[in-house]
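Let's have the full structure, built from the sequences with the hints guiding it.
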Amino acid sequence: MKLGLVVDLDTCVGCNACAVACKQWNTSGTTGPLTDLEPYGKDPTGVWFNRIRNYELGDYPENKTVHFPMSCMHCEDAACVTVCPTGASYKREEDGIVLVDQDKCMGCNLCAWACPYGARELDPEEGVMKKCTLCVDRIYDEALPEDERQPACVMTCPAHARFFGDFDDPNSEVSRLSRERGGEHLMPELGYKPVNTYLPPRNKTNIPTYKNETNPIEKVKDWVNRLVAR
Amino acid sequence: MHPAFSVIFFTVTSGAGYGLIAITAIYSAFDFSQPMTGEQTLLLSAVALVLITSGLISSTFHLANPKNAWRAFSRVRTSWLAREGLLAILFYPIVMLYVYLVWRGVDASNSTAMTALALLTGVWAIVTVFSTGMIYASLKTIRQWNNALTPVNYISLGLMLGGLLFSLLLSLSGDVSANLTMVASYMVVIAATIKIVYFFWIGAPAGPTINTATSFTSRTVRLLDVGHTAGTFLTDEFGYQVARDRLVALRWVAMVLGFILPSLIVWFGLGEGDNTLMLAAAVISAFAGVAVERWLFFAEARHVVNLYHGAQQC
Ligand code: SF4
Ligand code: SF4
Ligand code: SF4
Numbered sequence: 073m074k075l076g077l078v079v080d081l082d083t084c085v086g087c088n089a090c091a092v093a094c095k096q097w098n099t100s101g102t103t104g105p106l107t108d109l110e111p112y113g114k115d116p117t118g119v120w121f122n123r124i125r126n127y128e129l130g131d132y133p134e135n136k137t138v139h140f141p142m143s144c145m146h147c148e149d150a151a152c153v154t155v156c157p158t159g160a161s162y163k164r165e166e167d168g169i170v171l172v173d174q175d176k177c178m179g180c181n182l183c184a185w186a187c188p189y190g191a192r193e194l195d196p197e198e199g200v201m202k203k204c205t206l207c208v209d210r211i212y213d214e215a216l217p218e219d220e221r222q223p224a225c226v227m228t229c230p231a232h233a234r235f236f237g238d239f240d241d242p243n244s245e246v247s248r249l250s251r252e253r254g255g256e257h258l259m260p261e262l263g264y265k266p267v268n269t270y271l272p273p274r275n276k277t278n279i280p281t282y283k284n285e286t287n288p289i290e291k292v293k294d295w296v297n298r299l300v301a302r
Numbered sequence: 004m005h006p007a008f009s010v011i012f013f014t015v016t017s018g019a020g021y022g023l024i025a026i027t028a029i030y031s032a033f034d035f036s037q038p039m040t041g042e043q044t045l046l047l048s049a050v051a052l053v054l055i056t057s058g059l060i061s062s063t064f065h066l067a068n069p070k071n072a073w074r075a076f077s078r079v080r081t082s083w084l085a086r087e088g089l090l091a092i093l094f095y096p097i098v099m100l101y102v103y104l105v106w107r108g109v110d111a112s113n114s115t116a117m118t119a120l121a122l123l124t125g126v127w128a129i130v131t132v133f134s135t136g137m138i139y140a141s142l143k144t145i146r147q148w149n150n151a152l153t154p155v156n157y158i159s160l161g162l163m164l165g166g167l168l169f170s171l172l173l174s175l176s177g178d179v180s181a182n183l184t185m186v187a188s189y190m191v192v193i194a195a196t197i198k199i200v201y202f203f204w205i206g207a208p209a210g211p212t213i214n215t216a217t218s219f220t221s222r223t224v225r226l227l228d229v230g231h232t233a234g235t236f237l238t239d240e241f242g243y244q245v246a247r248d249r250l251v252a253l254r255w256v257a258m259v260l261g262f263i264l265p266s267l268i269v270w271f272g273l274g275e276g277d278n279t280l281m282l283a284a285a286v287i288s289a290f291a292g293v294a295v296e297r298w299l300f301f302a303e304a305r306h307v308v309n310l311y312h313g314a315q316q317c
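The listed protein sequences correspond, in order, to chains A and B. Here the first sequence is numbered in the numbering used here, starting from 73 and rising by one per residue. Here the second sequence is numbered in the numbering used here, starting from 4 and rising by one per residue.
Hints may be right or wrong, so weigh each one.
Stated by the list, open to error - Over the 12 Å line for every Cβ pair with chain A, so calculated as not near, a few chain B residues: (1) Asp-34; (2) Gly-230; (3) Arg-254; (4) Phe-290.
Stated by the list, open to error - Result set (DSSO-like, lysine-lysine): computed pairs, CA atoms no more than 30 Å apart in a straight line: (5) A/Lys-293 - A/Lys-74; (6) A/Lys-163 - A/Lys-176; (7) A/Lys-265 - B/Lys-143; (8) A/Lys-276 - A/Lys-163; (9) A/Lys-163 - A/Lys-74; (10) B/Lys-143 - A/Lys-114; (11) A/Lys-265 - A/Lys-176; (12) A/Lys-176 - A/Lys-74; (13) A/Lys-276 - A/Lys-136; (14) A/Lys-176 - B/Lys-143; (15) B/Lys-70 - A/Lys-265; (16) B/Lys-70 - B/Lys-143; (17) B/Lys-143 - A/Lys-74; (18) A/Lys-163 - B/Lys-70; (19) A/Lys-291 - A/Lys-136.
In case anyone wonders, no lab produced these hints; they're calculated from the structure. Since the structure is predicted, the reported quantities are computational estimates derived from the model, not experimental observations. In this text, a Cβ means the ideal position worked out from N, Cα and C, and glycines have one as well.
What follows is the structure, given as structure tokens:
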């Protein structure tokens, strides 16, 4: 199995609900807590497994705002795992999920240095590395109803912009979506083979722009219109 | 990259220590025109071990959870950090045996087994410095480090500091021939050349761009909002940035203190008689220069995660 996420950049509205749901679920999960420092202070900061950034694509009038959530890509060639000296970081054989064993980590930061996607954050209170678990403590939990065995971020997304599934299965929803919508990987040139896939925004028609009329008849019409409106 | 003091101190001092022991052990293995006495070999080895050990201890200060440091040798198969740790630990019994035999009066230049042990000590020290360099060179996320010059730099700077210390300590405990200090100055020239090539190599931005980082390769991409109001682990660790003109000025400081001044002292400052003070000045200047060089090594490195914080290219 090759489990991962599909994020639809066309429908994501940048509401940050996935990040909050992630924090809520995981802070009491296997790699919790997601420590906050100075949560009510001037510069609140803390551990997040999922962060959303906002970009502008292209130039006016062909421009577009894109909201861009990023969490661990559960890379196939995960250098964060190979550089880890303690063996705390590991990639599961059976489903490809990349995890950090909190009992083994010595907090050297090298795995965070090796990750191109900013997916790993050190918990300064506990001194250990933390990252997205792909909600490993949800997706296999047989106590949950079957349709809820999904990551918290996927479950909560109000725009239905996140999908979870097995990329090894060509008929899964994630495989079908990334095939049909031309799913892309981030920074493929580094060779990490990230699993998470991003669906590009659909092409929209251009925003109509006002054209300045120089035709004298139009100008007269314009003037009459304004006169009548008064 | 954020330049952490403990890592700068560790790489500079232990690099110099490994360089010193490598030169001492290899020198002792051959019958050169100015042989070292047993006491001199012991003094040099002792200084090297103090430098190495204080460096290694300092390196554990940057761990957020040092109580698990003993696990750091688990992934020798893939991790250069694990390899470095293992090489550094296994170095101790080897160098201790070498020092013990020197103390017992065995002369490395006329006993085959001792020659072999001296050479093993020297080569092991160099390989350890190589593995330190490879920790950085193996990171594909940092273009400035991910090249062959990185480990070469670590080795050449370690040998250079070791060579200058070697001359100084010999001069302290007797007298050092002009030829030996001249060889030390050649090491300075070689290390300087490699560093200059490195500065040119990392010159122009050539790494991944904001376009490949976001997959929008055919349009301009601008960051509108990074999504957090205060700093994060990522901005603290990777966001460190220094103004371009300050970096250039510091490169000059590193070149002058690290290479130019020590060479000038060796070439023009030494005369007949006792040169200990002059050599001490060369060593202090070189250490200061290499510390600035090491600070720059981190400060100039741009991690690709900065592409998600607004950088257009890394
Ligand atoms: S996204 Fe980063 S942390 Fe996750 S598997 Fe890839 S390299 Fe490792
Ligand atoms: S911080 Fe922890 S998980 Fe990351 S490389 Fe170091 S020991 Fe491994
Ligand atoms: S899969 Fe789970 S841990 Fe990962 S970002 Fe989503 S909610 Fe967070």
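Against the structure, the hints:
With a least CB separation of 41 Å from chain A, B/Asp-34 remains clear of the 12 Å interface cut-off, as annotated. The claim that B/Gly-230 lies off the interface is violated: its Cβ sits roughly 5 Å from the closest Cβ of chain A, which falls inside the 12 Å cut-off. Here B/Arg-254 stays apart from chain A, with its beta-carbon at least about 23 Å from theirs, past the 12 Å limit. With a closest Cβ-Cβ approach of about 26 Å to chain A, B/Phe-290 is found to remain outside the 12 Å limit, as its non-interface label requires.
For the hint linking A/Lys-293 to A/Lys-74, the alpha-carbon distance of about 65 Å lies beyond 30 Å, and the restraint is violated. For a cut-off of 30 Å, the pair hint linking A/Lys-163 to A/Lys-176 stands: about 15 Å separates their Cα positions. Taking the CA atoms of A/Lys-265 and B/Lys-143, the gap is near 13 Å; set against the 30 Å cutoff, the hint holds. Restraint check for A/Lys-276 and A/Lys-163: the C-alpha separation of about 40 Å exceeds 30 Å, so the hint is violated.
Between the alpha carbons of A/Lys-163 and A/Lys-74 the distance comes to roughly 11 Å, so the proposed pair stays at or under 30 Å and holds. Our distance criterion of 30 Å between C-alpha atoms is broken by B/Lys-143 and A/Lys-114, whose separation comes to about 36 Å. Taking the CA atoms of A/Lys-265 and A/Lys-176, the gap is about 26 Å. The hint holds against a cut of 30 Å. Between A/Lys-176 and A/Lys-74 the alpha-carbon distance is near 25 Å, which keeps this suggested pair within the 30 Å criterion.
With a CA separation close to 9 Å, the supplied pair A/Lys-276 and A/Lys-136 stays within the 30 Å bound. For the suggested pair A/Lys-176 and B/Lys-143, the alpha carbons sit about 25 Å apart, so the restraint of at most 30 Å is met. Under the criterion of a C-alpha separation no larger than 30 Å, the hint pairing B/Lys-70 with A/Lys-265 is inconsistent with the structure, at around 33 Å. Distance hint between B/Lys-70 and B/Lys-143 is fulfilled; the C-alpha atoms sit about 29 Å from each other, no more than 30 Å.
Restraint check: the Cα-Cα separation between B/Lys-143 and A/Lys-74 comes to about 23 Å, which is no more than 30 Å; the hinted pair holds. Among the hinted pairs, A/Lys-163 with B/Lys-70 is consistent with the structure: their alpha-carbon atoms are about 24 Å apart, no more than 30 Å. Between A/Lys-291 and A/Lys-136 the alpha-carbon distance is near 33 Å, which puts this suggested pair outside the 30 Å criterion.
Of the hints listed earlier, those the structure fails to meet are numbers 2, 5, 8, 10, 15 and 19, in rising order.
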